[in-house]
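> Each chain, letter by letter, is given below.
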Amino acid sequence: MKFAVVVFPGSNCDIDMYHAIKDELGEEVEYVWHDDKELKQFDGILIPGGFSYGDYLRSGSIARFSNVMESIYEANQADKPILGVCNGFQILLEAGLLPGAMQRNEKLKFICKQVELEVANNETMFTSLYEKGEKITIPVAHGEGNYYCDEATYAKLAENNQIAFTYTTNINGSRHGIAGITNERGNVLGMMPHPERAVDELLGSADGLKLFQSIVKSWREAHVVSS
Amino acid sequence: MYNVKVFITLKESVLDPQGAAVKDSLHRLTYNTVEDVRVGKYIELTLKKEDGDIDQQVREMCEKLLANTVIEDYTYEIEEVIPQ
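Protein chains in written order, with my numbering: chain A, 13 to 239; chain B, 152 to 235.
Just chain A, same shape as in the assembly (with noise of 0.2 Å):
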């Protein structure tokens, strides 16, 4: 499986979502720079945290307006799967792939720990290898974390199971503790905290690596035919 980690000017996580996928994973990975438009020899588009055009006017604002999103709307046209990781889950947001916005964190500060998640659903292409409420270790570093969406697309999450994280602890007043969301038909996820700097236990948890592992056997079953 091919994956693509969309570089913007500003992100700081590309490296470590590279070296999750190549070196942890064991598949293959490109860097894509946001003025590239190609995406089409991808499975798998990752778009990393960080802070894309310094984060000016409001987080992942500006970075939707970027070409490469115009391949990565034809890419979810696809179903292709799409991983965005704290801005790139911002990102997500303000390109109206996701549903729902992102405020500053309810005590006004930066969180930079490593924090318990549950796993809301385990039916998802990133999530499969989970069990249901399974709790994990993934660390957060983020000042705008806290998930907003109003009562009615909350209904709507929960009714569609679109719900994959939840924090344990609310650590930065997430509507009901929401650390990650999928889209309605469960090919885009944004979340949060890294599952990309959660891929060895040298890095203090390697929960994070079955989240990308999931990605791959999903693929693995849609595309390779088995002998």
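Treat the hints with care, as some may be off.
[Said to hold, decoys possible] In silico SDA-like cross-links for lysine to any residue, where the CA-CA straight-line distance does not exceed 25 Å: (1) A/52 / A/109; (2) B/192 / A/122; (3) A/119 / B/176; (4) A/119 / B/234; (5) A/14 / A/182.
[Stated by the list, open to error] Over 12 Å on every C-beta distance to chain B, these chain A residues come out as not near it, computed from the model: (6) 14; (7) 49; (8) 71; (9) 85; (10) 124; (11) 143; (12) 146; (13) 151; (14) 171; (15) 185; (16) 234; (17) 236.
Hints were generated in silico from the structure; no laboratory data involved. Note that the Cβ used here is the ideal one computed from N, Cα and C, for glycine as well.
Keeping the supplied structure of chain A fixed, place chain B upon it in accordance with the hints.
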């Protein structure tokens, strides 16, 4: 030329942690008459005069980029300026 002032505020229904922190701070300075604080953004645009509906253009800019209408409201004032 036009001088456009855009004011962006969080919707009434959205909690404003920045506003709450500023309010607490004002209270600590004993300004106890302050009942509520909302923090927003102020953006100034200078626009060349062209044919077309300026009002609609500014609204589009607000909807597409300047405000995130999921959580924010916006208002604006348009003033025509004659360059000296």
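> Determine for every hint whether it applies to the structure shown.
So, going through the hints one by one against the coordinates:
1. A/52 / A/109: holds, 18 Å
2. B/192 / A/122: It holds: about 21 Å lies between the C-alpha atoms, which stays within 25 Å.
3. A/119 / B/176: holds, 14 Å
4. A/119 / B/234: Violated: residue 119 of chain A and residue 234 of chain B sit about 46 Å apart, past 25 Å.
5. A/14 / A/182: violated, 35 Å
6. 14: holds, 33 Å
7. 49: holds, 20 Å
8. 71: violated, 10 Å
9. 85: holds, 15 Å
10. 124: Label holds. Min Cβ-Cβ 18 Å, cutoff 12 Å.
11. 143: holds, 33 Å
12. 146: About 30 Å separates residue 146 of chain A from the closest Cβ of chain B, which puts it past 12 Å; holds.
13. 151: Holds, because the least Cβ-Cβ distance between residue 151 of chain A and chain B comes to about 22 Å, which exceeds 12 Å.
14. 171: Non-interface label on residue 171 of chain A holds, nearest chain B Cβ at 19 Å vs cutoff 12 Å.
15. 185: Violated, because the least Cβ-Cβ distance between residue 185 of chain A and chain B comes to about 7 Å, which does not exceed 12 Å.
16. 234: Given a closest Cβ separation of 32 Å, the condition holds.
17. 236: Correct as stated: the minimum Cβ-Cβ distance to chain B is 39 Å, above 12 Å.
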